[in-house]
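Colleague: Here is how the chains run, residue by residue.
Protein chains: 2
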Amino acid sequence: MNILKSRCKIRKFSFLIQTRNLALKRFPNYSILTDKDYRKNRCLDDVNSLDSYNEDWLKSCKGNSKLVLLPKTTLELSEILKYCYAKNLAICPQGGNTGLVGGSVPVFDEIIISTRLMNQIIKLDEESSILSCQSGCILQNLDDYVSQRSLIMPLDLGAKGSCHIGGNVSTNAGGLRLLRYGSLKGNVLGLEVVLSNGEILNSMNVPLRKDNTGFDTKQIFIGSEGQLGFISGVSILCPPRPRAANLILVACNGKSFQNVIQIFKTAKLELNEILSAFEFMDRESMRAVKENSNLENPFSIEVSEKCDFYCLVETHSSDEESALRKIENFYSKLSEKDLGLDCIVAENKTQFSYIWSLRERIAESLTKDGHNYKYDISLPLNKMYDLVIDIRKRFSENDAKNYFRRCIGYGHLGDSNLHLNVTSEKYDEKIFKLLEPFLYEWTMKNNGSISAEHGLGLKKKNYIYYSKTKENVEYMRKLKKLFDPKLLLNPYKTLPDF
Amino acid sequence: MNILKSRCKIRKFSFLIQTRNLALKRFPNYSILTDKDYRKNRCLDDVNSLDSYNEDWLKSCKGNSKLVLLPKTTLELSEILKYCYAKNLAICPQGGNTGLVGGSVPVFDEIIISTRLMNQIIKLDEESSILSCQSGCILQNLDDYVSQRSLIMPLDLGAKGSCHIGGNVSTNAGGLRLLRYGSLKGNVLGLEVVLSNGEILNSMNVPLRKDNTGFDTKQIFIGSEGQLGFISGVSILCPPRPRAANLILVACNGKSFQNVIQIFKTAKLELNEILSAFEFMDRESMRAVKENSNLENPFSIEVSEKCDFYCLVETHSSDEESALRKIENFYSKLSEKDLGLDCIVAENKTQFSYIWSLRERIAESLTKDGHNYKYDISLPLNKMYDLVIDIRKRFSENDAKNYFRRCIGYGHLGDSNLHLNVTSEKYDEKIFKLLEPFLYEWTMKNNGSISAEHGLGLKKKNYIYYSKTKENVEYMRKLKKLFDPKLLLNPYKTLPDF
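Residue numbers (full-length UniProt numbering), protein chains in the order written: chain A, 1 to 498; chain B, 1 to 498.
If you're looking for bench data, these hints aren't it; they were derived computationally from the structure.
In this text, a Cβ means the ideal position worked out from N, Cα and C, and glycines have one as well.
Just so you know, not all the hints are guaranteed correct.
Unchecked claim - Selected chain B positions facing chain A (Cβ under 7 Å, derived; list incomplete):
| # | residue |
| --- | --- |
| 1 | ILE32 |
| 2 | LYS36 |
| 3 | GLY182 |
| 4 | ASN197 |
| 5 | GLY198 |
| 6 | LEU201 |
| 7 | LEU208 |
| 8 | PHE215 |
| 9 | GLU291 |
| 10 | SER318 |
| 11 | LYS374 |
| 12 | SER378 |
| 13 | ASN417 |
| 14 | GLU453 |
| 15 | GLY455 |
| 16 | ASN462 |
What the hints assert, rightly or not - DMTMM-like, lysine to aspartate or glutamate: derived pairs with alpha carbons at most 25 Å apart:
| # | chain 1 | residue 1 | chain 2 | residue 2 |
| --- | --- | --- | --- | --- |
| 17 | A | LYS445 | B | ASP37 |
| 18 | B | LYS337 | B | GLU270 |
| 19 | B | LYS470 | A | GLU199 |
| 20 | A | LYS255 | B | GLU127 |
| 21 | B | LYS123 | A | GLU441 |
| 22 | A | LYS87 | B | GLU364 |
| 23 | A | LYS480 | B | ASP45 |
| 24 | B | LYS337 | A | GLU474 |
| 25 | B | LYS470 | A | GLU79 |
| 26 | A | LYS265 | B | ASP143 |
| 27 | B | LYS268 | A | ASP143 |
| 28 | B | LYS290 | B | GLU199 |
| 29 | B | LYS478 | A | GLU474 |
| 30 | A | LYS470 | B | ASP143 |
| 31 | A | LYS337 | B | GLU127 |
| 32 | B | LYS123 | A | GLU436 |
| 33 | A | LYS268 | B | ASP144 |
| 34 | A | LYS265 | A | GLU284 |
| 35 | A | LYS349 | A | GLU474 |
| 36 | B | LYS383 | A | GLU126 |
| 37 | B | LYS268 | A | GLU291 |
| 38 | B | LYS268 | A | ASP144 |
| 39 | A | LYS337 | B | ASP125 |
| 40 | B | LYS59 | B | ASP45 |
The whole structure should be built from the sequences, with the hints applied where relevant.
Modeller: Structure below.
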């Protein structure tokens, strides 16, 4: 095998700028992999099969790892990590590789350890509704499995068909139904984590909702992006599967985002405990899925021409009859307050999926525009859309009309989470400079978070101070050193360069 | 002021044995407080006013602190901690002092820092339903406050009238409605923590549901019993206050606990998203509140003579009509399956409170028996009551009938959390030796947790290995050292002696 000391290739992304400026360098103290380091047993080392592991889903980051390892058990994983620890070999843990911030692909030649073959369900305790499984299980498969016991996975996201539960936990994935079922910090009840030295920290032996025996160390691994340990197993609480799921698409009245907020407040009041998702998308988002994915706007031309915002409101309920009554109340409150132009209630599974696809396929549609500048921002609700308006204003004031294709806002309104996306045919520094640092400063000024759910990874690590204090970052570094003293796990990411 | 190098007095508790065996000693490296160390500004140092701070609610542990400090602001608290850090003075953080494991009172002469005057509400963000407040706010006061905005605190427990939210978070309090609203790990969205050296770690600046910018360090403070930092502020998500709350007391049919489990399963199916609490109490618990607190069993004599178990089933709903229909379905399912002897639905607020008091006042009632041996165990549901049966069997096999007064089981069945309590006129080593370590070994064998919600504190710290692995405890020690390098915060507790 020809081992090359290779540089990271980062394509087409705004991040390009950053690497150039910071001159990201391979940590010189890491060892270089040699043939002696492994036997050909569940290893991938030929260039073709490595490609999909080295590059992220957005094709925005590409590393140059020469080896992917595919352990099946925690003990195998532990042996691998022990070896790497002894030999000072850096590691990139990888799940379904569906991350959006370059956190799941190597930067240089880190060995990729994939959870792909750690895909066994360990147990579903039907009395406590706690599922225990290996970290490489695909979210969709888990949901199919628990559905047979009338349960549902407490998280759902666009990438469910390929993302791994271990990756979900490592990145504290939020998704579409956090509003209803809460975050992974509440739903993950146990973890098995292999530390960089091969030690195993296990809190999965006790499949319990309550355990107050000492510090809850597992929590620190949730959302730490593979920096502190490698998650090998997960125990997670699964709520009862709703007997009735309903979906309403509202074409909002009026130009003001305040109306959208009023619709949300009405939904909270009228749908209350059965509200399971509240998403919004703007006119430009609806146009993107039409133009790039051939998904027709289901409203009449008259309505769609007038409509600036759409809300997608989902309910999960144990009882269809009372759900429908609540939905009716919700609808009549919207009419009373003149908040909706029109409303579609999905009448069958096909309509249900179609309406969801309008929202779920936005991200995919945008990739067809060319280059994507993706932002994932938490903001106080009443400020949420102002950022999109201000960015558009900034573009127009700076004559950027000819440079960008779209500037859109959509996202999880119920969680105050805005996905702001700008597209252009190819990466353009002018656009980038109009966006950053303006957008981060704007977010900080308005008490927002510069990464609501996507994490920091490689691309956003150096923006951390817009949302975290110096003291917090300092303790992140101390925690990193405590759990991974040789800094071998997922290097160059999450923690800022300075 | 006469400063005495004093020994901890621990009265009447099983723990007595433990201290004797382990010869608990004051850490010799801690400094002794002198008059020079403080000015009389929000200090308590006369013996009478110190008493209630030095002794716990159960009157089972008593320390000998000579000084209580009552800061009002985070900066004052930070100044105090900085001073103590420089002078090597040990500290006992204290909230409402309602803990049950001796975690909130000093062991020797630690300075008590009480959150009593840190009782300001900072903000209730009505759009996001996030409440931010100082850590000394009393839970009941917070609930009253948010109720004016049609919100509810996501936790509720018997001690709500005196416990502080900071103490709730430090001990990861569970309580009566965890089943519905989830744990503090999901509901606490931000914390302000003062570390032992006076540094402030703040994640409250961003009142957001989602923030994935780096490690979520605040999580490690939830449930760490004041070992890692002093919680000074809390941001917490408040769910919508239910418009209709209903309460059903079921007198269960049959001798077997399996029937109780069947009732729970029926409740989960029929009441589903509106189920807010599922508690159980056995015949002896009902007898205790009658004998010691004059609370009459609301069922007929005929029913109560036959009944071994009672279930208290609460619903929280936005819509009374459909709630009542669901309750009716629940009731008819119980009849169909012959699971209930009788059923009472609270018809007004007085009945609602009365029925809850039957459950909530068990702990208080038991103190009137004399000495209490209290256990707070998580167990798989189908094993949950077997422990009570086995303990009774053990007592009868060992002719302990004359020694103990009661051996009862009650608790949060919906969370698999058993409160097993034994009482005797005064502390009796024979009873203690029948209980321990048998009960802990039994719990471990059945994959339970030896402390579901009460924590470890002083009393249970050395039993940690029954529920946590050696590796986990080792990393607890490392975390302790990282955040509190001089081991000044809440010493002698939570972490085991060896």
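Colleague: Each of the hints needs a verdict: does it hold here or not?
Modeller: Status of the hints after comparison with the structure:
no. : hint                 : in the structure
1   : ILE32                : violated (30 Å)
2   : LYS36                : violated (30 Å)
3   : GLY182               : holds (4 Å)
4   : ASN197               : violated (11 Å)
5   : GLY198               : violated (11 Å)
6   : LEU201               : holds (5 Å)
7   : LEU208               : holds (4 Å)
8   : PHE215               : holds (5 Å)
9   : GLU291               : violated (29 Å)
10  : SER318               : holds (3 Å)
11  : LYS374               : violated (14 Å)
12  : SER378               : holds (4 Å)
13  : ASN417               : holds (5 Å)
14  : GLU453               : holds (5 Å)
15  : GLY455               : holds (5 Å)
16  : ASN462               : violated (11 Å)
17  : A:LYS445 to B:ASP37  : violated (41 Å)
18  : B:LYS337 to B:GLU270 : holds (14 Å)
19  : B:LYS470 to A:GLU199 : holds (11 Å)
20  : A:LYS255 to B:GLU127 : holds (20 Å)
21  : B:LYS123 to A:GLU441 : holds (24 Å)
22  : A:LYS87 to B:GLU364  : violated (60 Å)
23  : A:LYS480 to B:ASP45  : violated (42 Å)
24  : B:LYS337 to A:GLU474 : violated (59 Å)
25  : B:LYS470 to A:GLU79  : holds (19 Å)
26  : A:LYS265 to B:ASP143 : holds (21 Å)
27  : B:LYS268 to A:ASP143 : holds (19 Å)
28  : B:LYS290 to B:GLU199 : violated (51 Å)
29  : B:LYS478 to A:GLU474 : holds (17 Å)
30  : A:LYS470 to B:ASP143 : violated (34 Å)
31  : A:LYS337 to B:GLU127 : holds (19 Å)
32  : B:LYS123 to A:GLU436 : violated (31 Å)
33  : A:LYS268 to B:ASP144 : holds (21 Å)
34  : A:LYS265 to A:GLU284 : holds (24 Å)
35  : A:LYS349 to A:GLU474 : violated (50 Å)
36  : B:LYS383 to A:GLU126 : holds (14 Å)
37  : B:LYS268 to A:GLU291 : violated (45 Å)
38  : B:LYS268 to A:ASP144 : holds (21 Å)
39  : A:LYS337 to B:ASP125 : holds (23 Å)
40  : B:LYS59 to B:ASP45   : holds (21 Å)
Violated hints, listed in ascending order, are 1, 2, 4, 5, 9, 11, 16, 17, 22, 23, 24, 28, 30, 32, 35, 37; each of the other numbered hints is respected by the structure.
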